Amino acid sequence: MTTTSLFTPSRRRVLQGMGAGLATAALPGHVWGQAAPLKIGFQLHRTGIGAAYGRWYERTTTAAAAAINAAGGIAGRQVEILYEDDATDPKRGAEVVEKLAGPSGCDLIMGTLFSHVVMGAAPRAGELKIPYLVCSEGYHVASGALNRWVLQPGITDVRAQISTMAPWVASTLGKKVTMVFPDYAFGHDHRDFFTTAIAAQGGEVIAQIAIPPTETSFTRYFPQIPAETEVLYHVMVGPAVLTFVKELGEFYGTGAKPALFGFIDSLEAVDTASPGLEFLEGSHFWEGHCRAKPADAGEAETAYRAAVGVDDNGASVSDAKDVSTYAHMFSCWETLYFIKQAVEASGYAGPADRQKLVEAMEAVTDLPEGAERPQGPMRFDGKKHQAFGVQNISKMEGGKLVRVHQTTIEEGLYDNDTDYTAMSF
Amino acid sequence: MRAWAVHLAVLAALLAAGLLLPGYHTTNLARILVLATFAAGYNLAFGYTGLLSLGHAMFFAAGMYAAALPAWHWGWPAAPALLAGTAGGALMALATGALALRTAGVSFMIVTLMFAQAFALAILYFNGWTGGDEGFVIPSASRHLFGTSLAADTPRFLAAWSLFALGLLLSLALVRSRFGRVMVALRENEERARMLGINPFAAKLKVLVISGAWSGAAGAAYALLFGYAGGSFAGIQYSILPMLYVLLGGAGTTLGAVLGAGLMFYLTEFASSVTSAWLFLVGLVLVVLVLFAPKGILGWVRARLWRELP
Amino acid sequence: MGFGPFLLLALMEGLVTAAVLSLAAVGLSLVFGVMRVVNVAHGEFFMLGAVIAWFVAGLVPGPAWMAFLAALVLAPLVVGALAAAVDGLVLKRLNYDPEATIVATIGVMYMVQQAALSFYGPDARPVAAPFDWRFQLPWFGYSGYKLFVVAAAVAVLLAVWLGMTRTRAGLVMRATQVDRDVARAFGIDVERVYMGTFALGAGLAAMGAVLYVPISQAHYLMGHDPLLLSFIVVIIGGLGSLRGTLVAALVIGLSDGVISMFFSPTLAKILATLLVAMVLVFRPQGLFGAKA
Chain A
598 MTTTSLFTPS
608 RRRVLQGMGA
618 GLATAALPGH
628 VWGQAAPLKI
638 GFQLHRTGIG
648 AAYGRWYERT
658 TTAAAAAINA
668 AGGIAGRQVE
678 ILYEDDATDP
688 KRGAEVVEKL
698 AGPSGCDLIM
708 GTLFSHVVMG
718 AAPRAGELKI
728 PYLVCSEGYH
738 VASGALNRWV
748 LQPGITDVRA
758 QISTMAPWVA
768 STLGKKVTMV
778 FPDYAFGHDH
788 RDFFTTAIAA
798 QGGEVIAQIA
808 IPPTETSFTR
818 YFPQIPAETE
828 VLYHVMVGPA
838 VLTFVKELGE
848 FYGTGAKPAL
858 FGFIDSLEAV
868 DTASPGLEFL
878 EGSHFWEGHC
888 RAKPADAGEA
898 ETAYRAAVGV
908 DDNGASVSDA
918 KDVSTYAHMF
928 SCWETLYFIK
938 QAVEASGYAG
948 PADRQKLVEA
958 MEAVTDLPEG
968 AERPQGPMRF
978 DGKKHQAFGV
988 QNISKMEGGK
998 LVRVHQTTIE
1008 EGLYDNDTDY
1018 TAMSF
Chain B
16 MRAWAVHLAV
26 LAALLAAGLL
36 LPGYHTTNLA
46 RILVLATFAA
56 GYNLAFGYTG
66 LLSLGHAMFF
76 AAGMYAAALP
86 AWHWGWPAAP
96 ALLAGTAGGA
106 LMALATGALA
116 LRTAGVSFMI
126 VTLMFAQAFA
136 LAILYFNGWT
146 GGDEGFVIPS
156 ASRHLFGTSL
166 AADTPRFLAA
176 WSLFALGLLL
186 SLALVRSRFG
196 RVMVALRENE
206 ERARMLGINP
216 FAAKLKVLVI
226 SGAWSGAAGA
236 AYALLFGYAG
246 GSFAGIQYSI
256 LPMLYVLLGG
266 AGTTLGAVLG
276 AGLMFYLTEF
286 ASSVTSAWLF
296 LVGLVLVVLV
306 LFAPKGILGW
316 VRARLWRELP
Chain C
1367 MGFGPFLLLA
1377 LMEGLVTAAV
1387 LSLAAVGLSL
1397 VFGVMRVVNV
1407 AHGEFFMLGA
1417 VIAWFVAGLV
1427 PGPAWMAFLA
1437 ALVLAPLVVG
1447 ALAAAVDGLV
1457 LKRLNYDPEA
1467 TIVATIGVMY
1477 MVQQAALSFY
1487 GPDARPVAAP
1497 FDWRFQLPWF
1507 GYSGYKLFVV
1517 AAAVAVLLAV
1527 WLGMTRTRAG
1537 LVMRATQVDR
1547 DVARAFGIDV
1557 ERVYMGTFAL
1567 GAGLAAMGAV
1577 LYVPISQAHY
1587 LMGHDPLLLS
1597 FIVVIIGGLG
1607 SLRGTLVAAL
1617 VIGLSDGVIS
1627 MFFSPTLAKI
1637 LATLLVAMVL
1647 VFRPQGLFGA
1657 KA
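Protein chains in written order, with our numbering: chain A, 598 to 1022; chain B, 16 to 325; chain C, 1367 to 1658.
FYI, nobody ran anything at the bench for these hints, they're computed from the structure.
All values derive from a computational prediction rather than experimental measurement.
Some clues are possibly wrong.
If we take Cβ atoms under 7 Å as the criterion, some of the chain C residues that face chain B in the derived model are [as the list claims (entries may be wrong)]:
1. V1456
2. A1466
3. Y1476
4. S1484
5. V1526
6. L1528
7. T1632
8. K1635
9. V1645
10. P1650
For every residue, glycine included, the Cβ atom is placed at its ideal position computed from N, Cα and C.
Looking at chain A on its own, in the form it has when it is part of the complex:
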């Protein structure tokens, strides 16, 4: 088990993020000719409900920064990541954006995951006119609800993820679907978009069961699942997920049960071979990025795992019980490389060029697979400020997730009238 000491100085983490020997560049009155580092503020869920994700977002970003620095940095400048804990809270999130943009002197900010924190902090990023690159998968960016300074270049949004699942679910598992989801934004996105997407496939959502977020036991809601259900679609998140799966297993027991389809968000940072999860054997999951290394994985995937310190099962190399949030954390890696691409394309030199930087980001279209994008190719939509990538469906076999299907980028594209480029800065 990895534990941090009670009083880890936050500064040490910063130094780890910079290439060895280059630490001196960060000292005041930096060394001759060496350009000042590019400072990237990271809004981190170190405490609060998002902490299980935050820890891996931090590790992935630190690894990406080290890789970039070892290869010469961004536009010849070393990258310095300044992590600041937002306690997974919208109010503190806004304060953290102010701190990173103000006294910390960051060039731009990235990394937020939970959508209510994004929502609460985005207006402040817009007012401070600082690029704010979230790794959240929420539909909040592409829906047009935010502002010109907020982008999501490293992960596909849930609307696209969900829509690409429907054809496969309808053709492989069944057409009568019951959905169980948490009664908050993340669950509502699933409710709204999957219901539409499955209807387009000739299927139907026959029941929607929204569980209040504070709930710790679930059995009493299971009788609300109609008997004629063919597919049970579940997207629970948070610590109580283990209970949810265990109780579902106890409830159906040896009796007849529907096919299960879930989003891996339910089991991020959880060992799929945990006691009580045997019930999931043979069921299917969406995965943004496959936790168990696929047999046909390329060089980029191998290099990415090695850099972050994750083994072929998606757990920490130093502790097999320390399971990563593999399906989401690649977004930090890819966002950092997106920043590199845009900074170098725009000739960004300092905060005065921030507008130019956002325009350069909006001009990006193709994001090919490679060391920068181990999860696969992506396409960036400058008007929606949103990236679109491939999605995976995996099957639980012997307590391990094995990929059985991959969607294309095109399947996830959708039309809406969001056009951030028409908004003023």
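Chain A is fixed; fit chains B and C onto it per the hints.
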């Protein structure tokens, strides 16, 4: 007179700090003053009248949504939204207080807590209309007061300072009025107050409605000044925070709320700059502070230095 | 599923909820009853019990029930000792002032949470039940361990009740509860009683958590809900009444279970919360509290 002079001096110092310090601190100060207004409202109920509520997040959030929802759905401008927020907090306090004030002491604490939980769940339940836990961004057109955008540092600070100043001076006037003595009498000994011809229920309901109005105004101001409204503000932590601010600064002192709010903000800020385990440091400082000043910092001042501190 | 089986499941689940509630609340009922302090850190003591159970499960080899028994002994001792330290170092020095205690225990809550996050981590982790038995009814399957939790809760409550009514320590605690000044006049060392009560309350929370964690999971933020629910149970039941605590846990657990049959989950939660609040509105002293 001395009390008024001290309060005006504090307000002047806050104004100077907000206008002279760099933008980062101006914004922080604006946020602190909005939360201090909330805590000042809490203090009227808890510090002066002895009503230990664990449900004030409900009044704060009622104000926030009463202002933010009309702004979001119907494009209301800031001034009427702010008034709607104040009224929203007061009405929520009237409705819940009429029931909860049948109880007293810890029962009152639990009833307010449960009402607030039901309200927080209702915000999630009606997510199609409220935006649920994710919340929503307030349209910038609604964030203009007297033709000035509240999204800019100085106007935002001035708006927060004005709200706080109004609240502070009104609460000073209130606690020094005859009704203020009724409030303290209810806190100290309700039976005796009753014998003096006071109707405890009516008086406490009046205090709670004033307190709810204050909290609602603060909630509305938070939404309009910082551009966001969301379900997390209805959570239990926003009931605990004003209590913590008030106890830290000094319950039953007019200036305790702002002192506590400022202290907690800069304590968190300092702790997170020295260690990633900042929560531990904050907890430790709270324990040490309370050992040193069990009645809050201004409570200590009142006991040792200035007995007349309001 | 037909109405009958549905109702049966709701009642069983309600009973389990009631058992968990009473396990979490019984310690608080003692502390709150005897000392009249609001211990905001009570939920964290509960969380520590679950986390210790997880650590013990990793250390004790052999079948799951051995680790379970070890945790059942160890967790209350460790957590009780910690609580005694908190009492001696902080609460005693505050002279149990109700308001100062709130701030102090909020501070303790932050410290314990951070310590758990630093040393245990942010992940939710499962702890195996001492035995693996599941039974299948014609309509649904059910966990046998859940029924064991119900039985264990009854046993714990019974033990506490016997301890309070039949032992000298219980008598001393009850005397202190009624009037601490009179108790002191009769030569009772009130400070020691308080420290013992506080440690006992925390130890009971930890024991409850060891029993509860196999049907849930250990997580560093899991103390939040038990704290609120414990307070609700204790106040609804009536301060200082163990019988009240039990009845309140049953009322809340069963109403939660049955109401959830008829409404969508979130609406059911709202209605159940309001219903329970109304009990206090119309019976302010709680179900079994003495009239003020």
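Now the hints, each set against the structure:
Of the supplied interface hints, the one on V1456/C holds, with its beta-carbon coming within about 6 Å of a beta-carbon of chain B, less than 7 Å. Given the 7 Å rule on beta carbons, the hint for A1466/C holds: about 4 Å separates it from the nearest Cβ of chain B. With 7 Å as the threshold, the beta carbon of Y1476/C comes within range of chain B, its nearest partner Cβ sitting at about 3 Å, so the hint holds. Among the interface hints, the one on S1484/C holds; its C-beta lies about 6 Å from the nearest C-beta in chain B, closer than the 7 Å criterion.
Contact between V1526/C and chain B, as hinted, is not supported at the beta carbon level, the nearest pair being about 21 Å apart and thus beyond 7 Å. Hint status for L1528/C relative to chain B: violated, with the closest Cβ pair at about 27 Å, above 7 Å. The restraint placing T1632/C at the interface with chain B holds, with a minimum CB-CB distance near 5 Å, inside the 7 Å limit. This hint holds: K1635/C has a C-beta 6 Å from the nearest C-beta of chain B, less than the 7 Å allowed.
The interface hint given for V1645/C is violated, since its Cβ lies 9 Å from the closest Cβ of chain B, which is over the 7 Å cut-off. The beta carbon of P1650/C is positioned within 7 Å of a beta carbon in chain B (closest approach about 4 Å), and the interface hint is therefore held.
Taken one by one, the earlier hints fail for this structure at numbers 5, 6 and 9, listed in ascending order.
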